[in-house]
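Asks: Read off the chains here:
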Amino acid sequence: MTAPLKVALLALNSPGYQSLALGYLRAYAQADDRLKGRVGFQSLDLTTDDDPWWVAYRIIALEPDVLAASVFCWNALAVYDICRIVKQALPDVRIVLGGPEVGPIAANVLLAHPEVDAVVRGEGEAAFADVIDLARRGKPFARADGVTARDAAGAPVAAPDRALIADLDTIPSPYITGVLEPREGSAYVETFRGCPHDCAYCFEGKGYGRIRSFSRGRVEAEIALLAGERGVRQFSFIDSVFNLTPDRLQWLSDTLAPYAARGLMLHTVEVDIERVDDEAAALLRRAGVVSVETGPQSIGTDALATCRRAFNAERFAAGVAALKRQGILVETDLIAGLPGDTAEDFLRGVAFCLSLDPGKIQTSTLHVLPGTDLYLRAAELGLRFDPEPPHEIVATRDIGFADLRRLEARSIHIARLYAARIEGD
Amino acid sequence: MIDFHPIPVGTGTACGCVRCGSAPEVSYASVAAVEAHLAGVRAMAGGTRGETAAGSAYGVALTGPEPFAHPELPALVAACRRAGFSRIAMETNGAALVAHGNAAGVLHAGVRHLWVRVLGADDATHDGLTGRPGHGAASRAGVAAYSEAAAMMGATVAITAVVPVCRHTLGELPAIVASCAQRGFDAVRLESAGPVPSQAAAVIAAACDTGMVNRIWVSTEGTLPLPETHGLHGAPDGAPVASGPREGDAR
Chain Y
1 MTAPLKVALL ALNSPGYQSL ALGYLRAYAQ ADDRLKGRVG FQSLDLTTDD DPWWVAYRII
61 ALEPDVLAAS VFCWNALAVY DICRIVKQAL PDVRIVLGGP EVGPIAANVL LAHPEVDAVV
121 RGEGEAAFAD VIDLARRGKP FARADGVTAR DAAGAPVAAP DRALIADLDT IPSPYITGVL
181 EPREGSAYVE TFRGCPHDCA YCFEGKGYGR IRSFSRGRVE AEIALLAGER GVRQFSFIDS
241 VFNLTPDRLQ WLSDTLAPYA ARGLMLHTVE VDIERVDDEA AALLRRAGVV SVETGPQSIG
301 TDALATCRRA FNAERFAAGV AALKRQGILV ETDLIAGLPG DTAEDFLRGV AFCLSLDPGK
361 IQTSTLHVLP GTDLYLRAAE LGLRFDPEPP HEIVATRDIG FADLRRLEAR SIHIARLYAA
421 RIEGD
Chain F
426 MIDFHPIPVG TGTACGCVRC GSAPEVSYAS VAAVEAHLAG VRAMAGGTRG ETAAGSAYGV
486 ALTGPEPFAH PELPALVAAC RRAGFSRIAM ETNGAALVAH GNAAGVLHAG VRHLWVRVLG
546 ADDATHDGLT GRPGHGAASR AGVAAYSEAA AMMGATVAIT AVVPVCRHTL GELPAIVASC
606 AQRGFDAVRL ESAGPVPSQA AAVIAAACDT GMVNRIWVST EGTLPLPETH GLHGAPDGAP
666 VASGPREGDA R
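Each protein sequence line maps, in turn, to chains Y and F. In terms of the numbering used here, the first sequence opens at residue 1 and continues consecutively. In terms of the numbering used here, the second sequence opens at residue 426 and continues consecutively.
Note that these hints are calculated values from the structure, not bench results. All C-beta atoms in this analysis are idealised placements derived from N, C-alpha and C, irrespective of residue type, glycine included. Treat the hints with care, since some could be wrong.
[Stated by the list, open to error] Okay, the calculated beta carbon distance ranges per label pair:
(1) F:Gln607 to Y:Ser236: 35 to 41 Å
(2) F:Met577 to Y:Ala158: 35 to 41 Å
(3) F:Ala464 to Y:Ala321: 23 to 29 Å
(4) Y:Gly263 to F:Val451: 30 to 36 Å
(5) F:Ala576 to Y:Glu314: 38 to 44 Å
(6) F:Gln607 to Y:Gly382: 33 to 39 Å
(7) F:Met577 to Y:Asp254: 40 to 46 Å
Can you make the complete structure from the sequences, with help from the hints?
Replies: Okay, here's the thing in structure tokens:
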């Protein structure tokens with residue numbers, strides 16, 4: 001009898017977070033009849049604080065046949081370090097990467113990182129299960145749709161794109177299957193994939209192009225399990241827009257309200273704030289939402305047009321006011337270095353957010369992310385950025401390197417001045 | 426942005442350069458006088474909380490002579506809170522923070538913004554220019570105590586070094602900024618404290634650049650010379666605004 005294939009799944013999260021993606025990959029693969037009893041999975045849900053050599057040591061100790069890692073712009077360099085070390089220690093290990101940092105530039109990743117054997121492009125669950133099945137049978141990874149792998153000479157070869165999973169409920173719930181356990185009383189919930197917006201700097205929609213939802217019954221079952229039996233008291237909804245439609249907001253509020261009444265809280269859910277009125281704000285409060293995150297990212301006319309973002313100052317302010325009336329803290333986000341924005345535009349944005357007294361101001365510099373419109377049009381738009389992840393903006397046509405760094409430092413200072421206050425008076 | 430209405434606790438300054446001239450006479454205002462001033466600010470702001478989000482003035486700052494020498498400092502801070510301000514700043518030489526649990530005391534009382542006057546990159550220079558032996562070391566310890574108390578309390582605070590720029594501090598500005606970064610300040614504000622030569626712009630720019638390299642924001646008061654290339658440093662945030670009605674205050 002053949003020994004089971006050993007698969008190590010790696011995620012390096014921000015400290016305090018865990019990987020829902022890893023849970024989905026494992027839950028989907030474990031449910032695949034081709035793999036049942038033939039593959040053993042080990043999840044390493046670690047953080048970016050963990051030293052790459054120590055992480056590599058743990059992986060090497062498992063002696064996996066396949067190492068699969070989820071890659072984002074903010075953990076990519078550490079993941080590459082780990083893969084390089086592991087490959088040196090275990091030359092026969094097959095390394096498969098996926099995630100928003102590598103999927104859109106799969107061939108480039110293979111060219112730059114000889115230790116990597118394959119990259120899953122786009123939605124990962126089905127493609128990953130196919131890759132594991134191919135690994136089990138000793139077949140080339142490039143036979144799996146949605147995967148870029150190497151040919152016999154080591155050159156990248158891309159299989160055709162994979163169709164999106166039509167019915168998201170075919171992905172078993174990582175919580176209900178027991179693959180993922182909530183940590184420290186908090187858990188992630190996803191009710192749909194995709195994003196109704198198409199902002200040029202953002203990869204939130206991951207190129208899905210349309211909204212696909214988990215069934216309401218599936219979401220309700222997850223929430224009931226987590227908030228009930230598992231004792232979760234904080235949910236992080238990773239949906240790109242929590243108030244996607246009035247009907248969905250009403251449903252989520254109805255579903256969550258009984259748990260919220262017993263202390264369940266939702267932190268920093270993303271909202272389309274210009275569609276928040278008093279009724280929507282009340283529904284959010286009833287759902288247990290204590291804080292939301294929103295734009296405007298920029299209030300500069302040129303940047304908004306280039307990034308395909310709508311912004312109406314009055315509606316935005318009205319949304320903030322409605323949420324504040326419900327005692328919900330609003331985190332307003334701004335990005336320095338968007339194409340078309342001047343330094344003055346960015347500072348006007350900061351002043352605008354301050355004028356609303358939202359509760360929190362969050363500023364960051366632009367990261368030109370693979371797969372985004374800005375990444376593809378960087379030269380045309382005059383964006384100069386670090387080609388290495390996390391792809392930090394270096395200079396724009398309107399703001400030079402030194403002033404970008406100054407805007408970053410100054411806006412962080414302003415955000416701190418704003419945050420330094422007596423709470424609860 | 427996020428400016429503060431200055432509320433003088435008396436006449437004089439918390440800590441100035443003695444080589445520029447003798448320190449002015451110090452006298453302290455009564456609690457009643459401070460309360461009246463706060464009421465005026467509140468009326469000017471046109472709101473019960475006194476804070477004017479739309480006008481960029483966000484709090485009050487106890488300025489003037491050393492506030493820790495005021496016999497009724499707790500009552501002054503309490504008056505600021507009663508007036509509805511959630512951002513209260515205090516300008517100090519920092520030395521008194523380390524004594525008698527003062528750092529934790531002002532924090533618990535509600536002071537979240539500390540403006541500490543710094544005149545030298547090292548203790549000896551600071552002591553020499555302030556004419557107060559031992560104040561440099563005490564100030565350093567005081568800032569550390571305030572930071573530690575804030576961390577224990579889980580409170581967000583903003584600690585700004587206020588550097589009076591005169592011909593005696595000018596040459597050392599970059600070194601002062603570097604030392605402030607090491608000492609745990611969040612920002613440095615350069616204030617005009619007397620005439621400086623025309624070449625000062627290069628030194629002030631170097632101080633700003635030193636801040637960027639050391640990850641501490643440096644801003645300069647408008648009257649200080651600054652090259653055009655460094656214009657973003659020329660608008661202090663979290664600084665005192667001139668008293669009197671201003672656009673937006675009445676909103």
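Asks: Against each hint, give a clear statement of whether it holds in the structure.
Replies: We went through each hint and held it up to the structure:
At roughly 37 Å, the beta carbons of F:Gln607 and Y:Ser236 sit within the given window of 35 to 41 Å. Take F:Met577 and Y:Ala158: their Cβ atoms lie about 55 Å apart, and the range 35 to 41 Å is violated. Distance hint check: the CB atoms of F:Ala464 and Y:Ala321 are about 27 Å apart, consistent with the given range 23 to 29 Å. At roughly 53 Å, the beta carbons of Y:Gly263 and F:Val451 sit outside the given window of 30 to 36 Å.
The beta-carbon spacing between F:Ala576 and Y:Glu314, approximately 40 Å, falls within the hinted interval of 38 to 44 Å. Distance hint check for F:Gln607 and Y:Gly382: the Cβ-Cβ separation is about 38 Å, which falls inside the suggested range of 33 to 39 Å. For the pair F:Met577 and Y:Asp254, the supplied restraint of 40 to 46 Å holds, since their beta-carbon distance comes to about 42 Å.
Violated hints, in rising order: 2, 4; the structure is consistent with all others.
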